[in-house]
Every structure is written in structure tokens, then in C-alpha cells.
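Heads up: the sequence lines are chains A and B, in that order.
Terminal number for the first sequence in numbering that gives the first Met the number 0: 310, no gaps in between.
Terminal number for the second sequence in numbering that gives the first Met the number 0: 310, no gaps in between.
It should be emphasised that the hints constitute simulated quantities derived from the structure, not laboratory data.
Please read these numbers as outputs of a predicted model, since none were measured by experiment.
We put the CB at the ideal spot given by N, CA and C, even for glycine.
Treat the hints with care, as some may be off.
What the hints assert, rightly or not - Covered by chain A, according to a simulated footprint, are these stretches of chain B (three or more residues, beta-carbon under 8 Å):
id, segment
1, 135-148
2, 178-189
Stated by the list, open to error - Some but not every residue of chain A turned toward chain B, in silico, with C-beta under 8 Å:
id, residue
3, 36
4, 37
5, 80
6, 102
7, 109
8, 217
9, 222
10, 224
11, 253
12, 255
13, 281
14, 285
15, 289
16, 291
17, 296
18, 310
2 protein chains.
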Amino acid sequence: MSVTVVGSIAFDAVRTPFDERERMLGGSAVHFALAASFFTDVRIVGPVGDDFTESEYQVLHARGVDTEDIERVPGGRTFFWRGHYDYDLNVAHTDETQLNVFADFEPKLSPASRDCDVLFLANIQPDLQRGVRRQSPNARFVAMDSMNLWIDTAPDALRATIAEVDCLLLNDAELRMLTGEPSLLRAARAVMRWGPSQVVAKQGEYGAALFAGDGFFALPAFPLETVLDPTGAGDSFAGGFLGYVAAHGGDSPAEDVMRRAMAYGTALASFNVEQFGTERVSSLTGEEITDRVADLRRMTTFADAPVPLRE
Amino acid sequence: MSVTVVGSIAFDAVRTPFDERERMLGGSAVHFALAASFFTDVRIVGPVGDDFTESEYQVLHARGVDTEDIERVPGGRTFFWRGHYDYDLNVAHTDETQLNVFADFEPKLSPASRDCDVLFLANIQPDLQRGVRRQSPNARFVAMDSMNLWIDTAPDALRATIAEVDCLLLNDAELRMLTGEPSLLRAARAVMRWGPSQVVAKQGEYGAALFAGDGFFALPAFPLETVLDPTGAGDSFAGGFLGYVAAHGGDSPAEDVMRRAMAYGTALASFNVEQFGTERVSSLTGEEITDRVADLRRMTTFADAPVPLRE
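Please model the complete structure; the sequences and the hints are all you need to start from.
What follows is the structure in C-alpha cells.
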């Protein structure tokens with residue numbers, strides 16, 4: 000079983016009310032890959048510049064991530080994002096974006112990357128996502144993320160790409176924006192009519208909801224006393240979620256597998272935000288993940304005990 | 000087992016993107032009482048004016064609510080609220096508030112109302128809430144709601160009142176505002192240090208979370224295709240929640256009882272918003288409630304199936 004992820008590999012500068020980092024490894028594909036690496040073989044596809052050094056590769060290699068398809072652009076510089084969060088950690092404020100080598104990125108998958116079981120198209124321009132999806136026609140399960148920028152600037156390309164994947168992961172506000180439906184349930188059903196069999200609404204500090212056919216499943220975020228850096232939480236969720244799906248195999252994952260995948264995604268996202276950048280997930284153990292999923296199950300379980308109700 | 004609720008009895012004018020009503024029965028105590036009436040005897044305490052007619056009483060009596068402690072002010076007019084919602088149904092916009100008889104309300108509980116098992120102090124001025132709480136010293140479980148207005152204008156009175164109840168129900172943003180803690184977990188723990196053994200964070204469309212000691216439990220809102228009118232959702236939640244607590248008795252409800260109470264609160268809130276005002280809950284059946292709680296349980300359950308994780 001293997002997962003391929005295509006997306007950004009970046010250096011991030013992040014400031015929160017609690018602390019800051021001037022330059023650290025980040026990017027959607029990196030956060031995804033590290034999270035998924037606990038479950039299955041992971042290949043990461045994306046461009047970097049000359050400033051991407053052995054110590055960055057080492058973070059990925061330490062988790063067993065295959066970096067053969069990282070495209071090193073001679074003379075180029077790696078994608079850079081600078082942002083900050085105020086006390087409302089749900090809202091990222093972008094202060095600076097340098098696309099650098101990402102501006103001319105044309106994803107090319109090696110035979111090994113094409114031959115994945117699960118493919119994740121992290122948030123990049125939707126035509127590029129669709130191109131990648133077509134390079135990997137035999138992937139058993141294909142999921143994608145996107146963002147408001149593409150809903151605004153490339154809605155037709157985005158919709159065409161969504162039509163070719165099995166699962167769309169998107170922030171709940173963006174799902175509403177994408178479909179024009181104020182009800183999240185209607186929004187998810189609209190997306191499923193376009194093609195995907197599953198939709199995951201990411202809800203930040205409130206957790207995530209899964210829509211599949213008529214089915215609905217929701218989990219709260221794991222409660223934390225301190226969130227240090229929310230950057231990458233959504234991609235860490237996707238990595239835990241799709242890593243679990245890959246580990247379980249099957250063309251169309253059964254609903255009980257998808258629910259457990261949501262729990263593993265939730266766990267990985269919660270670890271990601273406990274420290275800056277990739278710091279926490281890099282030092283994570285399998286036992287910590289298993290324990291957190293068990294905690295999450297205890298926190299969301301209630302017994303059935305109907306009471307007599309008065310008409 | 001019985002519940003007494005003290006709060007507003009109102010006429011509401013509500014406009015949403017879907018429809019509107021120019022004048023309908025509302026108020027926090029009314030929404031609470033109707034929801035709680037499925038579980039236990041309910042007494043409602045609050046002031047009304049001459050404009051409160053037999054047809055309004057009839058809505059309460061049809062659900063068996065005891066209205067003996069409704070205080071009718073001769074020559075007065077009933078509290079009136081006019082508001083609207085845009086497509087973001089989580090945000091109520093107040094267009095007009097006429098306090099009317101509510102301006103001089105001094106709650107006086109009859110012996111029967113004082114002698115309740117469970118007491119709910121709906122959102123009114125915190126000194127009035129504390130006065131009511133002291134009229135009912137033997138209530139086994141006392142809960143209260145509040146709002147940003149009192150956090151801003153009467154923080155000391157509010158805190159003194161919170162110190163004398165068992166459970167605080169509050170919107171999550173208001174819990175942060177009240178405590179100055181950006182983490183909801185820290186905010187809830189701060190409140191518990193003031194006195195309450197339990198805190199419920201109401202999260203609107205995202206559901207609700209329960210904090211009790213070190214325990215945490217969360218439920219999503221029931222997914223609905225159409226929300227017609229969110230007015231009273233929080234009070235309907237409180238009515239289902241505390242009605243269930245009252246039906247189960249016990250001085251300090253056990254954690255499994257509180258979790259089921261959260262589920263019943265969630266169910267009642269979801270019915271409330273399906274139609275305007277009290278329309279849906281007035282026509283609700285016990286079977287519909289039981290079915291929705293069972294659905295909610297199915298929507299939040301996942302099996303435990305640890306996978307081998309790669310270190």
C-alpha cells in the first residue's frame with residue numbers, strides 16, 4: 000500500500016500570540032507526508048530550490064518518506080510563506096507569499112509515484128491537480144483539497160477537477176462558497192452530485208464532518224490546552240485520514256473504515272498544532288497516536304438509554 | 000421530578016432569508032419549558048402583559064407546562080424582540096428590543112416553583128438570577144445561561160452568580176470573553192474553579208461540548224438540510240439537556256447521564272430550528288425525539304480498530 004502526495008514544499012515564517020519561527024520547513028505536501036508516514040509508504044512530489052538542504056530532506060527521510068520525486072530547480076528558491084495568527088487561531092493572516100519555484104511547477108510523477116494506491120492532490124491550481132490525477136489513472140482512491148482563491152479565480156477548472164476525484168476535503172465555509180448552499184449538508188450533497196462519493200468538511204477547532212451518500216459522521220477536534228501553531232493542521236488531518244485509508248486497502252473504503260480514518264486524521268491534526276511547523280509530528284510515536292484515538296473515542300461515546308417521554 | 004425555569008416570555012418578530020413571522024410566541028423560558036416538558040414537570044416563571052392571551056397560554060398548557068408563576072402585569076406589554084438572520088444563521092441581528100414588563104421584573108417563586116429538583120436560570124440580569132437561585136436553596140441541580148451584555152456591563156455580578164450554580168451553559172465565544180482564555184478547555188477549567196462542576200460550551204451549528212472535571216464530551220449538531228429559524232435553539236438545547244437530567248434524578252448526575260442529556264439537548268435544539276418559533280417543538284412527538292437521539296448516536300460512533308503504526 001502506498002500514498003503519493005503532490006503539493007507545496009515550503010519554508011514558513013509564522014508568528015502567533017505565543018511564539019514565532021522565522022524559517023521552518025512547511026508546505027501542504029510536507030505536513031501531509033509526515034502524518035501519512037505512520038500508516039504506509041509515502042512519496043512526495045513538489046518543487047524546491049537550492050536553499051532546500053540536506054537537513055530538510057532529513058526531516059522527511061527520518062519518517063521514511065520517499066523524496067525521489069522532489070524536483071530540485073537549479074538556481075531557484077523554495078516557496079516561502081509568511082503569516083501570523085491572532086488570538087483567534089482559526090484565521091491565518093498571510094503577510095507574504097513568494098511562489099519562487101512553485102510559479103512554474105509542472106508536476107511530473109515517476110512510475111513509482113503514479114503506481115500509488117491512494118493519491119492526494121494538496122491545494123494547488125486545479126488544472127495542475129487534474130493533470131496529476133490523470134497521470135495516476137489506477138489509483139484506487141483519489142482525494143483533493145482546495146481553497147477560496149481557486150473558487151474565485153478558476154471555478155470551472157476546480158469543478159472539472161472535483162468531478163474526477165473520490166473525495167473532496169475542504170473548509171466548511173469554502174464548501175458553502177463553492178456550492179452557494181448555506182446548509183453544509185446541501186453543500187456536500189451538491190458536491191457529491193458532481194462526482195466524489197465522499198466529502199470531508201474541515202471545521203478547524205470544531206473538528207470535521209464526513210458526508211458519504213446519505214451517511215453523516217462528525218468528530219470534534221481533540222481538546223487542547225494550548226495550540227501553538229495551527230499551520231498545516233488540515234494537511235496533517237488529510238495525511239492521517241488518507242494514510243489510514245491506504246493502510247486498509249479496498250477500492251471503495253467501507254463506511255466504518257472512513258470513520259476510523261477521520262479519527263486518525265483528527266489525532267494527527269491535533270498533534271500538529273501542539274508545536275510549531277513539523278516539530279511535534281517529527282517526534283511523534285505510534286503509541287501516542289493510538290492513545291489519542293482511544294481518548295477521542297471515549298470523548299465522543301454515549302450510551303443508549305431511552306427514557307419515557309411525555310406526549 | 001420537576002424543573003423550574005426563570006427567564007423571558009416574549010413576542011418575537013423574526014426574518015430569515017427563507018421566510019418571516021411578524022409576531023410569534025418566544026422567549027428563552029418558553030423555548031426551554033416546551034423542550035423540557037417531554038421529560039418532567041415544568042414550571043415557568045416570568046412576566047407578561049395584557050397582550051399575552053389565552054392562545055399563548057394554550058401553547059404552554061398543551062405541553063403540560065405549569066403557568067401559575069407567570070406574572071401578569073396589568074396595563075403592561077409583553078417583552079418584544081425583533082431580529083433577523085442573514086445566510087450565516089449563526090449570527091442573530093437584533094433590530095429592536097422592547098423590554099416592557101421585563102424592565103421591572105423581580106422574580107418571585109411560589110413554594111411549588113422553589114421546591115423544584117432542577118432549576119434553570121435563563122439569560123437575565125445576573126443579580127436577578129442569583130436572587131432566584133437563593134429562593135430555591137434545595138434544588139439538586141442548578142444551571143444558568145448568560146450573554147455578552149452581562150459580561151460587559153455586570154461582570155462581578157455575573158461571576159458571583161456563576162459561583163452559586165452547578166452548571167454554566169454559554170456560547171463558546173462568550174466563554175472565552177468571560178475568562179480571557181483563548182483555549183476553550185482553559186476557559187471551561189477557569190469557570191469550574193469559580194464553582195460550577197460542569198460547563199457546556201454551545202457552538203451553534205457545530206454542536207456543543209461538555210466539560211466536567213477532567214472530562215470532555217462533544218457532540219455535533221444534528222445535520223439539517225434546512226434551518227428555518229435558529230431563535231431559541233440554545234434554550235431548547237438547555238430544556239432537553241436539563242429535562243433529561245431531572246428525569247434521571249440524583250444530586251450530582253453521573254457522567255454517562257450528562258452525556259445522554261447532551262444528546263437529548265442536541266435533538267431538541269435541532270427540532271426547534273426546523274420551523275419558526277415554537278411551531279416545531281409544539282407538534283413534536285416522543286418517538287421523533289427518541290429516533291433522532293438514536294440517529295445522533297449512529298452519526299458519532301466509530302469502532303476501535305488500532306492499526307500497526309510505523310515508528
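To see whether the hints hold, each was checked on the structure:
1. Chain A is given as covering the segment 135-148 of chain B, and this is violated because 0 residues of the stretch bring a CB closer than 8 Å to a CB of that chain, at least three being needed.
2. Requiring three or more residues with a Cβ within less than 8 Å of a Cβ of chain A, the coverage given for the segment 178-189 of chain B holds, as 5 such residues are present.
3. About 7 Å separates the beta-carbon of residue 36 (chain A) from the nearest beta-carbon of chain B, less than 8 Å, and the hint is met.
4. Because the smallest distance between the Cβ of residue 37 (chain A) and any Cβ of chain B comes to about 5 Å, under 8 Å, the interface hint for this residue holds.
5. Residue-level restraint check for residue 80 (chain A) is violated (minimum Cβ-Cβ distance to chain B is 23 Å; threshold 8 Å).
6. A cut of 8 Å between beta carbons decides the hint on residue 102 (chain A): the least distance to chain B is about 35 Å, and the hint is violated.
7. For residue 109 (chain A), the shortest C-beta to C-beta distance to chain B is roughly 22 Å, which exceeds 8 Å, and the interface hint is violated.
8. Given hint, residue 217 (chain A) at the interface with chain B, holds; its Cβ is 4 Å from that chain's nearest Cβ, closer than 8 Å.
9. Against a cut-off of 8 Å between C-beta atoms, the interface hint on residue 222 (chain A) holds, since the closest Cβ of chain B lies about 5 Å away.
10. Given the 8 Å rule on beta carbons, the hint for residue 224 (chain A) holds: about 5 Å separates it from the nearest Cβ of chain B.
11. For residue 253 (chain A), the interface hint is violated, the least distance from its beta-carbon to any beta-carbon of chain B being 11 Å, above 8 Å.
12. Evaluation of the residue 255 (chain A) hint against chain B yields a held restraint, the C-beta minimum of about 6 Å falling below 8 Å.
13. Annotation: residue 281 (chain A) was flagged as interfacial toward chain B, and the flag is violated, the nearest CB pair being 12 Å apart, outside 8 Å.
14. Taken as an interface hint, residue 285 (chain A) checks out: its beta carbon lies about 3 Å from the nearest beta carbon of chain B, inside 8 Å.
15. Here the hint on residue 289 (chain A) is kept, as its CB sits about 5 Å from the closest CB of chain B, short of 8 Å.
16. Interface restraint check: residue 291 (chain A) against chain B, minimum CB-CB distance 11 Å, threshold 8 Å, status violated.
17. Proximity of residue 296 (chain A) to chain B holds as hinted, the smallest CB-CB distance being about 6 Å (cut-off 8 Å).
18. Proximity of residue 310 (chain A) to chain B holds as hinted, the smallest CB-CB distance being about 6 Å (cut-off 8 Å).
Violated hints for the displayed structure, listed by number in ascending order: 1, 5, 6, 7, 11, 13 and 16.
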